[in-house]
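Colleague: Order-wise, the sequence lines are chains B and U.
Using full-length UniProt numbering, you'd call the opening residue of the first sequence number 1 and step up by one each time.
Using full-length UniProt numbering, you'd call the opening residue of the second sequence number 1 and step up by one each time.
You may find that some hints are simply not true.
Label pairs and their computed distance ranges (CB to CB) [as the list claims (entries may be wrong)]: (1) Phe29/U to Leu296/B: 20 to 26 Å; (2) Ile156/U to Leu47/B: 17 to 23 Å; (3) Ala25/U to Gln348/B: 54 to 60 Å; (4) Pro221/B to Glu68/U: 57 to 63 Å; (5) Val98/B to Arg12/U: 55 to 61 Å.
To be clear, the hints were calculated from the coordinates, so they are not data collected in a lab.
Even glycine gets a Cβ: it sits at the ideal position worked out from N, Cα and C.
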Amino acid sequence: MFATNASRGLPRHRSRYPAERYTRWAMRGLVGGLVVALLWLVVAFHLRGQWMFALLFLVLAAGLAVTFTRRRLMSHRYVFPALAGMGVFVIFPLLYTVGISFSNYSSTNLLGEERVRAQFLARTYQAEGQAFDFRPFRRGETVRLFLEAEDGRALISAPLATAEAGEPLALDPAAAPPAGEPLGMREVIARRDRLQDLVLTTPDGVELRMAGLRSFAPLVPRYRENPDGSLTDLRDGHSLIPDRDTGFFVTEAGERLTPGWPVAVGSDNYARVLFDEDVRGPFLQIFVWTFAFAGLTVVFTLAVGFVLAVLLQWDQLRGKGLYRTLLILPYAVPAFISILIFKGMFNQHYGEINLILEGLFGIRPEWFTDPWLARTMLLIVNTWLGYPYMLLLCMGLIQSIPRDLFEASAVDGGGPLTNMAKITLPLILRPLTPLLIAAFAFNFNNFVLITLLTGGSPDIIGASTPAGTTDLLVSYTYRIAFQDAGQNFGLAAAIATLIFLLVAALSWLNLRLSKVEV
Amino acid sequence: MAMVQPRSIRARQLGAHLALLGFVALVVFPLLLVISISFREGNFASGSLIPERFSLEHWSLALGIPWERVDGSVVQPPFPVMLWLWNSVKVAVASSLLILLLSTTSAYAFARMRFQGKGPILKGMLIFQMFPPVLSLVALYALFDRLGDFVDGLGINTHGALILASLGGVALHIWTIKGYFESIDGSLEEAAMVDGASTWQAFRHILLPLSVPILMVVFILAFIMSIMEYPMASVLLLDEDKLTLAVGAQQYLADHNQRWGDFAAAAVLSGLPITLVFLLCQRWIVGGLTAGGVKG
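Sequences and hints are given; from them, build the entire structure.
Modeller: Below is the structure:
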């Protein structure tokens, strides 16, 4: 092992070889271009008011610029791209998640206040009283609309076919209905979709839209913005006041109007997890099951893997290579396929497992509707999926046990069981511990298994968030964030933050036990 | 070889073989079953492992070819499996190459250079590697949702987003390659540098050619991991024709409409190549996985 003084490696002077000069300039151009592109993103995000993202890209651009211009940081140039990748896609999401957990970010509070306000201001309603009754008339292939207001004003449209979808259609004053046959209600209904897309403009520039099967009416903006930031509902004159604590426009009666915008809500989400009965109950239940699932999985996979490893290390056994290959098959098949295979096999109605069980014992367990059977099924499947890893680890570690220990044991009359319990297990358990912790952490977050096999069902009764009896904390978080109709990102982020703390603790423990040398 | 052998050795050998065979049967049963089902007629057929009513219907559908039944009705393929497989392979190749590029250069620096903050960075990478991306999906979703407004091809529902997001997993590969670089003697590069090669040239022309095996392993490992990646793809991809196989395959077994037979054929078709690659390269892959593990 040696270390280079990196900065000595690259010559400072202009290279004699044109090719090298060009590559060097190309590299500089690339870095420069990247920095400019990133700065453009910074400005774009800043203009949108998304300062977290602007900051992220600013840090990235600055890091890039500094690393690739300072000669002192020559070694860091090699590391920077990978670190930037981890920074943007691991560390930033982590911090951002923690940030979200203190906000009410959800599907109802998705966009910023300005865009919510713009949405309200873009809302329109159809002013009654100025409505026109309409009748379509057909002459040959062309269809025109004839509109009559209550005050007797009459207008006629250009032929319908001439308008592109979404483009306004001009209206002209008319004295009498056009020539041709009037179309009945049935044909109006048949063309309803086409008519609903239609925008008609009167000679004085008012836009009309279909307001019913018989009438077109002008669209008028529904809200007006006041200087103090409140909105006035033009239909009834009530005003909407922006409440920046809750992130909603509120009426005078205190009613919230959706959509709102994300605002900081302090530790509300954490309070919900810890004190709200409807959330805390399922949360605790899922918490306990997550620990039980991860712990039992490690125990079962280790037990199976260890016993098989001991068997496969037995000198007098033939065909070990073949056994080994067959035994690690579950590891080689992509998990998303084998989990789905089990989903089909455990199917309560026609799955092979229930067919066999019925043939042998006359029972048909309800694997997907009974919580305990569902949990049992998950453990069976996960043991099948996970033991090959333990098998491989144990085989590697057993090989490093000095042979003379077994010789001595044999001389003293120790059998294979004694060897296994008194020599092999104690000797490999110590180096195995950090790996077991890693396996525990992995299964603690075994999202794919739960999602593909049970989806968390059967559901916990009485929970206000989507929560299942087989959900792990991760899949629970995922469902709150992406499956629930409410898409409560804030609450999901709060639970994710709690899991971060647990994972960090496990990870720290792991690092301590494995004594990594760097 | 033990010198002291008990007399009951034969009985024990037999017992061990029986136990192993029984266990192997249990393990292999689901896989054989699925192969068998893929050749059975209909979606709910049950029967022995060797199909009684042999049919290529499911295979034809999995390959995207409409199948004409005996009674003349034509069945259309329910899902674009081949397209999903192609999407998966596309994303996996691109992200593996990207990962390989970035992790090789970083591993070189970590293995051969002395620089500020090296120890903490390496340790930090190990810690952050343990945080599953599932937990920060909300943040990743928000990131790509907004990025997509400015950069085409990096928004939600693009493969670019998925490829880029896979960069979060480089730490494992950096550790693997770093371990290999450290096992190669540095004197060759030193000699090259004495002769006037730059650091980059020593890396590019001396160390890289020596490291082709580990680069292959890391590529295959990253490829397999990317093919099997589920959580991020399930959030970032929306349209049916954009899905990767890992996300799409579950649609066969949706609660209301289970297509067991069609799934079996698609599963064998897409799972077999990956399984074979894994088994062929198992010696190196397992070495890489467990060595990375033993070191932390």
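Colleague: Between Phe29/U and Leu296/B, does the beta-carbon spacing fit 20 to 26 Å?
Modeller: Between Phe29/U and Leu296/B, where Cβ atoms are some 23 Å apart, the hint holds.
Colleague: Look at the Cβ atoms of Pro221/B and Glu68/U and judge whether their distance stays inside 57 to 63 Å.
Modeller: holds (59 Å)
Colleague: Holds or violated: 55 to 61 Å for the Cβ distance of Val98/B and Arg12/U?
Modeller: For Arg12/U against Val98/B, whose Cβ atoms are near 57 Å apart, the range 55 to 61 Å holds.
Colleague: Hint says 17 to 23 Å; check whether the CB-CB distance for Ile156/U and Leu47/B agrees.
Modeller: holds (21 Å)
Colleague: Lying within 54 to 60 Å: is that true of the beta-carbon distance Ala25/U to Gln348/B?
Modeller: violated (24 Å)
Going through the hint list in order, the structure does not satisfy hint 3, though it satisfies all others.
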